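Participant: Take a look at the letters that make up each chain.
There are 2 protein chains.
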Amino acid sequence: MPSQKLHLVPLGGLGEFGMNCMAVRYGDDIIVIDAGLMFPESELLGVDIVVPDITYLIQNREKVRGIVLTHGHEDHIGALPWVLTELKVPVFGTEFTLALVENKLEEHDLLDDADLREIRAGSRFNLGPFTINPIQVTHSLVDCVALAIHTPLGVVIHTGDFKVDPTPTDNRLFDLHTFAEYGKEGNVLVLMQDSTNAERRGYTPSERAVRGKFDEIFARADRRLFISCFSSSIHRIKLAFEMAREYKRKVALVGRSMTEAAEIAMDLGYFDVPEGVLIHPGQIKDFAPQQVCVMISGTQGEPMSALSRAAVDSHKHARIEKGDTVVLSSRIIPGNEKGIYRMIDHLFRREADVIYDDGSNPPVHVSGHASQEEQKLIMNLVKPKFFIPIHGEYRQLRIHADMARSMHGSVGQVLMLESGDVMEFDELGARKIEKVTVGRICIDSGSRTDVVEDLVIKDRRHLSEDGFVLPIIAINKLKGTVESIPEIVMRGFAAGSEEGFVREARRIVSATLDGSTPEEKADYGVIKEKIRADLKRFIVKTTSRRPLIMPVILEI
Amino acid sequence: MPSQKLHLVPLGGLGEFGMNCMAVRYGDDIIVIDAGLMFPESELLGVDIVVPDITYLIQNREKVRGIVLTHGHEDHIGALPWVLTELKVPVFGTEFTLALVENKLEEHDLLDDADLREIRAGSRFNLGPFTINPIQVTHSLVDCVALAIHTPLGVVIHTGDFKVDPTPTDNRLFDLHTFAEYGKEGNVLVLMQDSTNAERRGYTPSERAVRGKFDEIFARADRRLFISCFSSSIHRIKLAFEMAREYKRKVALVGRSMTEAAEIAMDLGYFDVPEGVLIHPGQIKDFAPQQVCVMISGTQGEPMSALSRAAVDSHKHARIEKGDTVVLSSRIIPGNEKGIYRMIDHLFRREADVIYDDGSNPPVHVSGHASQEEQKLIMNLVKPKFFIPIHGEYRQLRIHADMARSMHGSVGQVLMLESGDVMEFDELGARKIEKVTVGRICIDSGSRTDVVEDLVIKDRRHLSEDGFVLPIIAINKLKGTVESIPEIVMRGFAAGSEEGFVREARRIVSATLDGSTPEEKADYGVIKEKIRADLKRFIVKTTSRRPLIMPVILEI
Chain A
1 MPSQKLHLVP LGGLGEFGMN CMAVRYGDDI IVIDAGLMFP ESELLGVDIV
51 VPDITYLIQN REKVRGIVLT HGHEDHIGAL PWVLTELKVP VFGTEFTLAL
101 VENKLEEHDL LDDADLREIR AGSRFNLGPF TINPIQVTHS LVDCVALAIH
151 TPLGVVIHTG DFKVDPTPTD NRLFDLHTFA EYGKEGNVLV LMQDSTNAER
201 RGYTPSERAV RGKFDEIFAR ADRRLFISCF SSSIHRIKLA FEMAREYKRK
251 VALVGRSMTE AAEIAMDLGY FDVPEGVLIH PGQIKDFAPQ QVCVMISGTQ
301 GEPMSALSRA AVDSHKHARI EKGDTVVLSS RIIPGNEKGI YRMIDHLFRR
351 EADVIYDDGS NPPVHVSGHA SQEEQKLIMN LVKPKFFIPI HGEYRQLRIH
401 ADMARSMHGS VGQVLMLESG DVMEFDELGA RKIEKVTVGR ICIDSGSRTD
451 VVEDLVIKDR RHLSEDGFVL PIIAINKLKG TVESIPEIVM RGFAAGSEEG
501 FVREARRIVS ATLDGSTPEE KADYGVIKEK IRADLKRFIV KTTSRRPLIM
551 PVILEI
Chain B
557 MPSQKLHLVP LGGLGEFGMN CMAVRYGDDI IVIDAGLMFP ESELLGVDIV
607 VPDITYLIQN REKVRGIVLT HGHEDHIGAL PWVLTELKVP VFGTEFTLAL
657 VENKLEEHDL LDDADLREIR AGSRFNLGPF TINPIQVTHS LVDCVALAIH
707 TPLGVVIHTG DFKVDPTPTD NRLFDLHTFA EYGKEGNVLV LMQDSTNAER
757 RGYTPSERAV RGKFDEIFAR ADRRLFISCF SSSIHRIKLA FEMAREYKRK
807 VALVGRSMTE AAEIAMDLGY FDVPEGVLIH PGQIKDFAPQ QVCVMISGTQ
857 GEPMSALSRA AVDSHKHARI EKGDTVVLSS RIIPGNEKGI YRMIDHLFRR
907 EADVIYDDGS NPPVHVSGHA SQEEQKLIMN LVKPKFFIPI HGEYRQLRIH
957 ADMARSMHGS VGQVLMLESG DVMEFDELGA RKIEKVTVGR ICIDSGSRTD
1007 VVEDLVIKDR RHLSEDGFVL PIIAINKLKG TVESIPEIVM RGFAAGSEEG
1057 FVREARRIVS ATLDGSTPEE KADYGVIKEK IRADLKRFIV KTTSRRPLIM
1107 PVILEI
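Quick note, the sequences are listed as chains A and B, same order.
Going by my numbering, 383 is the number at position 383 of the first sequence; the sequence numbering is gapless.
Going by my numbering, 989 is the number at position 433 of the second sequence; the sequence numbering is gapless.
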């Protein structure tokens, strides 16, 4: 007879895109599923990443038994450096997930203190009063699991991110049987399921569907081939290596995230690269154009990414020339459209043949998330008493919930939660109780151009301490020229001699502008990021302060 | 024998979205086709609209014979108030187009001085050395024409915006025959064709395809029905009125742009509304929910639009309640995704049933622009010596150009132009000659909440004269509370007693914040726009200055 109550406490990811983090509490024991980040909205100028407010976990510090990761995407592991500086608890993840985590922690000098424990699909382990069974699922990343968490009140299943790919490229099948067994036993209290694609009808195509398009692209390209995908898309990178081998092209990895992810995947044996296929970016120029395939980071038009820089011809090794082919094997994350299309326009101006997701078949990208029919399939297999849609903006949770309500034979009751709600379960049923503090913590981790930099937690509440600096630049968009001396507006930031500081800051900004091409200056994202990075380096060096730096461009 | 050269001079719209404006010059005579605006990028805080730099026309003022409009969309007529303050020339357009223009000019007190001349499809008219034949085309708006411009060097055809809708809802067919005749005569020098949908394969569905979805929606809705579409979508508004009549619902028009467009269309007889169907927004509450259909502006999540305000429950008449249906019968204009999805999330939070374009069939929206097969059809009919893709961002022009290059039997030579290029034609052929000044003029026309306000041309070059004011507000996103006294940063803006001004400005901003709901405060777009509008009213009133006002939100 269960003596305690079970609480599900979403700390992020329910009603917002990213920042996934869910606490599961039974009595005095808490486990945390995932600790992800969110990329900031464009309104939040000057912020690099956003992580969940974990006040609830900090207040219950001694109860937290560990963090269990479902997979290695940033929106599931990206907040770990920040969380682990607050909580010294073990982190559980699969081999590949932990390899990504190790890299991340190492960057922030946190690896030595971390307690990482490898888990495997199908191998149960205990954590406090919970027995956790990781279940193999398919997704755009490798080595992903759902979690079946056995509690005294029944089994809680958390799907993580998933799709039901019947033909995964690594032949590691979605473990339908284990989901089926849980459903048959009839002991599933709650199913928490990924809502990302709740708006999409039908089935998400298999990752293998991309092969047809890649084959067509490799067969047709007669000069350099640049392929960009999410750096964590190991399936996609593997495919590109296979095709490159078949079509006798060397492969260069360009961009830090792409290089890191590919190296981890190769180290762990996710794919083999025969001797001599992989070349260094510096060697690209040594081979004939039709012998080279460049895997390059930057599908989202991020201003400082390798592909964005190549598009405006300011990347050292990745030079895109007339007749080259550039493939964007990715989706457009909402909010990034303008930046991505700006980059695509630049690529066309280089007279490259640009291939991006235009709805044609075979597709150049497929989603990693389950569409409606897959979501229904899992509900039918699992037959939960309670269903909670997770991982989605409000409309996605709502559409997912409405769908679940129509699943009369398989879903008992549907509960809608948002981040901060606390859902309590006992033998009598389920109810929403109090709310806990949740929110978004903005982190300014320094320019992404620095290869390694300490993690700096920059809560906006500290704004009054470090103040802010607004460099204001007037740019003639057409000519790409700067039309006036940069203005420097400051508040709450006493920098010794203010006059001297402003003079020096202006000089720095002018130097950055002088060192940028007209195309960079016409691309506000790029130029803002460059100004911010350079000014920040200067301010940190001369004052050891970390004010918020928000470049403002006035177009004239 | 032609004695002069023909110049085509795109002043906007080629290599950018919106701001369509094309000068056609033969010797000392210039005509201008369209004078559109562009909505500003989000980076351009504090700017309402963007219009083309018409230095070229101003320098050749005495040569300009008139402006000929293809149709009444903002990206084709929106710059007229600004252009007409610089050039006193006649404006030619169809009946419906001129009705929209009249409204616009009246708002800016420019109507009395304007020389508007009505044209009709099929009725040729002369302008300088040109004979112009307007050709009826189909599009999302009514009364649209392409222009066949007879010049001594041959016929130049400008398609305007079009699709080839075989079953237009107003039964005014696309005039394929006239296009065919021009092609048969073999005298078409240049075809300039709309590139908006050059990325889309196949055919764009007919406007009639939406009817099936609307029927389904009206049949199912058992409470209030809110329908939003582009206010210029007269076909769509007409359809909604027809369905409302069939399903016995009263119709209220909410939002200024929706009301204006519908009234013009009714005045001109585009559709009939039987007595008693149309009700005033104030009467919505007097009818049972299942008896009301509200046509409401704001498909793009514009912060101050009627629908955005209704979504956060701050619209006086349009109150959305549990079980109501909200239909977004429109596309997402790239760049607006975040704002639109934020609005949709708010609508779901009101527990409305929200229907938006999710790719399902029948569609809730169809495009007004030709897809690839329609574009090819027109090329085949017209058989131009030269082909120039117009109306599109660079990638769209490029894809359109590449497609045209594959049309061996029907297209002679393909020319790629961008805004500012000058293409010269004579008996020997065509060549790009000089470049002319083009660019974007930013206009801050005052808050859109003011019903009528003088047009204020606010070129950013005048920044140094009127300066800028940055109100900086720290908002706790979660709680929707304001966490500090607003900061006011100013430059180049001497406002008498600075201390007194700052104190007063802070008070204004605080009052705006106090008068806003937590939901409004959590929606940065809305709250920024409100602060800007209120602060601006105060500054104009007390100082008669018009500094740039850019609210900055710090999320904490």
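Honestly, I wouldn't trust all of these hints.
Take a look, some chain B residues computed to stay more than 10 angstroms from chain A by CB distance [what the hints assert, rightly or not]: (1) 847; (2) 893; (3) 894; (4) 901; (5) 916; (6) 951; (7) 1073.
Pair by pair, the computed Cβ-Cβ distance ranges are [unchecked claim]: (8) B:929 - A:215: 18 to 28 angstroms; (9) A:435 - B:929: 46 to 56 angstroms; (10) A:514 - B:678: 32 to 42 angstroms; (11) B:913 - A:171: 43 to 53 angstroms; (12) A:216 - B:969: 40 to 50 angstroms; (13) B:991 - A:515: 42 to 52 angstroms; (14) B:708 - A:201: 48 to 58 angstroms; (15) B:1041 - A:361: 51 to 61 angstroms; (16) B:1097 - A:485: 56 to 66 angstroms; (17) A:215 - B:729: 39 to 49 angstroms; (18) A:219 - B:917: 14 to 24 angstroms; (19) B:1041 - A:125: 27 to 37 angstroms; (20) A:109 - B:988: 50 to 60 angstroms; (21) A:171 - B:917: 45 to 55 angstroms.
In short, the hints are calculated from the structure, not lab data.
Source: prediction; values computed, not measured.
C-beta atoms are modelled at their ideal positions from N, C-alpha and C, and glycine is treated no differently.
Participant: Find the hints from earlier in the document that the structure breaks and name them by number, from lowest to highest.
Facilitator: 2, 3, 4, 5, 6, 10, 11, 12, 13, 16, 18, 19, 21
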